[in-house]
Amino acid sequence: MPAANANAAASAPVAGMKVHPLSTRSVCDEAFAAHTLDFEVATPDGDINGFESNGSGVGAGDLNGDGLPDLVFANTAGPAAIFWNEGDFQFRKEELGYKNLRAVALVDVDADGQLDIVFTQRYGPPLYFHNDAGSFTRINLTNVYQPAYSMYWADLDGDGRLDLVAASYNAELSKDRTSDFFFKYLGGVIVYYNKGENVFEPQKLIWDTQALALLVTDLNNDGRPDIWVGNDFDLADQIWLNMPEGWQAAMPFPHISHSTMGLVMGDVNNDGRADVFASDMKPYDIGIKTWTEWLPLMETMRKIVPRNDPQLDENMLLTQDPSGKWQEVGRAMRVDASGWSWAAQFGDLDQDGFLDLYVVNGMIDKTFFRHLPKFELVEQNQAFHNDAGRDFMTEPKWNLAASASGRSQVMSDLNGDGRLDIVVSNLRAPAMIYENRLCSGESLEVALRMPGTQNTFALGATVQLKTSKGTYTREMRATGAHLAGNEPVAHFGFPSGAVLQSLLIRWPDGNTTETSDLTPHTFIEVTR
Amino acid sequence: MIHTLEAPSQPKPSSPVLSLLNPRETTKWFALTVPIGLLCGAFGIAFMKFPLWAAVLALLVAVMPALVIKWRADGMKYGKRIMLISILLTAQGLHSVEHVAQWAEYHVFNFTLRQSNGLLSPANAEWVHFVWNWVVLFAIIAIIASGMRNIWAWILLFVAVTHTIEHSYSFIRYLQILSELGSMGVTNISAQGLPGILGRDGWLARSPLTQGTIWCGIPGLTTAERLDLHFWWNVIEMTFTVLASHVYLSAKFKVQSSK
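Protein chains in written order, with my numbering: chain A, 41 to 568; chain B, 820 to 1078.
Simulated from the structure, these hints should not be mistaken for laboratory data.
Glycine included, each C-beta is placed from N, C-alpha and C at the ideal position.
Please note that a few of the clues may not be correct.
Reference excerpt, derived from the structure (chain A facing chain B, CB under 8 angstroms, subset only) [said to hold, decoys possible]:
{"#": "1", "residue": "M57"}
{"#": "2", "residue": "I326"}
{"#": "3", "residue": "I328"}
{"#": "4", "residue": "K329"}
{"#": "5", "residue": "L335"}
{"#": "6", "residue": "M338"}
{"#": "7", "residue": "E339"}
{"#": "8", "residue": "P346"}
{"#": "9", "residue": "R371"}
{"#": "10", "residue": "F408"}
{"#": "11", "residue": "H411"}
{"#": "12", "residue": "G429"}
{"#": "13", "residue": "M433"}
{"#": "14", "residue": "T511"}
{"#": "15", "residue": "E515"}
Restraint-style ranges between C-beta atoms, simulated for each label pair [stated by the list, open to error]:
{"#": "16", "chain 1": "A", "residue 1": "E339", "chain 2": "B", "residue 2": "F928", "range": "15 to 25 angstroms"}
{"#": "17", "chain 1": "A", "residue 1": "S443", "chain 2": "B", "residue 2": "N929", "range": "34 to 44 angstroms"}
{"#": "18", "chain 1": "A", "residue 1": "P491", "chain 2": "B", "residue 2": "G1039", "range": "53 to 63 angstroms"}
{"#": "19", "chain 1": "B", "residue 1": "E1044", "chain 2": "A", "residue 2": "Q367", "range": "13 to 23 angstroms"}
{"#": "20", "chain 1": "A", "residue 1": "M341", "chain 2": "B", "residue 2": "T909", "range": "51 to 61 angstroms"}
{"#": "21", "chain 1": "A", "residue 1": "E554", "chain 2": "B", "residue 2": "T981", "range": "57 to 67 angstroms"}
{"#": "22", "chain 1": "B", "residue 1": "E1044", "chain 2": "A", "residue 2": "P53", "range": "53 to 63 angstroms"}
{"#": "23", "chain 1": "A", "residue 1": "E339", "chain 2": "B", "residue 2": "T909", "range": "34 to 44 angstroms"}
{"#": "24", "chain 1": "A", "residue 1": "A441", "chain 2": "B", "residue 2": "E1044", "range": "40 to 50 angstroms"}
If we strip away everything but chain A, and leave its shape as in the complex, we get (with noise of 0.2 angstroms):
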């Protein structure tokens, strides 16, 4: 059972602060650099049949300690893969012995201080991988037996260990195990309550669900976590809100995607307060070329919608007014088209203190697209330029508008000097990392930690840091997007000159931690 967590805040000691001063930049550019990689999700037989096309995910993260980032690839038809960061954007490829995975995940989940591997599989439970020192066992977690596609890590009822959440993309089940008389006994939205040693306990919220992300934070600021289901075709969304009696089936938003691909949290207006970006299938020109590619695929769509569906075919980027209530301001903000888009993620890329947006997309699908050639959904990833929290514009001047078919993504300081790169997971094509060039702006990065807990990398806590320019909220956290894993670091960037003021860390416990020895472009790592 759910219980809160939102304990009154008290100020929590902390054992040690060390700062890393940031490496200088080498290069300065108005452009980001792209850097091919020797990986790639494959299709069995070159083809896509069913839901290949759905790719695979990335993650980031520090897995031997080395203060570099590395990079986890999950893959369909081909070995999964580590790529170990050696600095300058050199990696070092070790294939891992294992196909048809989904998500990653990088979680401390035995609490040991090491980050393991956790991947979903397109037709089993989540696989766990333990950590030691860079050599991985893999592990079983006892009860955890459903087939899952999308997962989030978190503390859900505030006993401090990591629980997990995975939820099934039951179309696939259902297509590729038609004969399976015990399907619908599989799948479904599953709480995994961590009761310690690997042992969960399993608490089945809904079997009906075809999710394609999954969100866990608060949306109702109780203090307490709570869940985001994105459901893919005409399925809505299910949120579960954390309430002291249970689980109670939400629908705090006056409109959610139709067919949500991706879900991503971040404050893109410095407010203080979370939103969340849910990516969809829009057309994202209205070029007659673009329309034309995409007809076909329109007259496939529902006929009939429900009397108030509260589903809307865009993307939604859904902010909270001071009183918490939540509203749609998508369109408004011209992020309601990006193609046919999948992961999407915030990050300052230009470091003038607003988080910007970048989506990835393209389709490869036998039956929609067959007009096109390889029946490929050609499209360019759409990279959103946040103007002060007002407005997004696309921003071609980046660079970042590449047209191979994107599925997964994560930002990371790859190289160290502060700005955020983004390594992007693609479907029949190479992997990319997209070196962060761009000159503006300073940066701060916070990983937090809390050893001697079971939940060492503080998953959950939120980072706020305060400025002369302006006030930024960042979130912990493992997990988000489309079957992608987040690094367990806060970036945040600010305008050349800022003053920093003070960093307030509300650790999960919601004991809080302030400090003011701030310097601009270092790397803190705070431990409690």
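Add chain B to chain A, keeping to what the hints say.
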């Protein structure tokens, strides 16, 4: 040319528009042709797999003789200028029924936008509305040229011109997309009902030229669905058609009454 509206001995009618639209002696023709048209349409749907638009077309074809008789009678009674106004009012009224049907499909019966095509438009929404708006525009120009000049008529002309531009833009895009689809070997896609200049996802809302300008901030202009946009556009056009006709016909009645 005949310029009398009503017999000099008759009082001025309270609503000259309704007076003009009154079928009068042609009522019996409508009483005969409307049921025939409805029966033909119903028969077509039941036994010949008529789509709805074909049944509606059958009704219109059946009623057309009665309409022609009515308009001919108007012409003989009031003159060609007022006969034109009668035709315009009738036709716009019927066109309004089409938009009301679309509106009901979307807002009452919860059809999707692409399914909410009304009664006749499923035949081909782009052709129907493109041809219709140009015919209406020419009719308005002809009526104004022949003497119906008042402030409402000029506003009506402006509304009709902009409406025709909107449909022409949509029609050109429709033909371009059809051509592109054809080159890809796709021939079973209707490509109708796509956004035009105004409304949600229209040129004004999505063009890089307008981004960040005041135009994008005007409520409705860049946010309304095409169906709603054209419903209200039609309401406005119909309103000004009635107002312009009312003012013009009232003046005619006044002249006639003073004689």
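Hint check, failures only: 1, 10, 12, 14, 15, 20, 24
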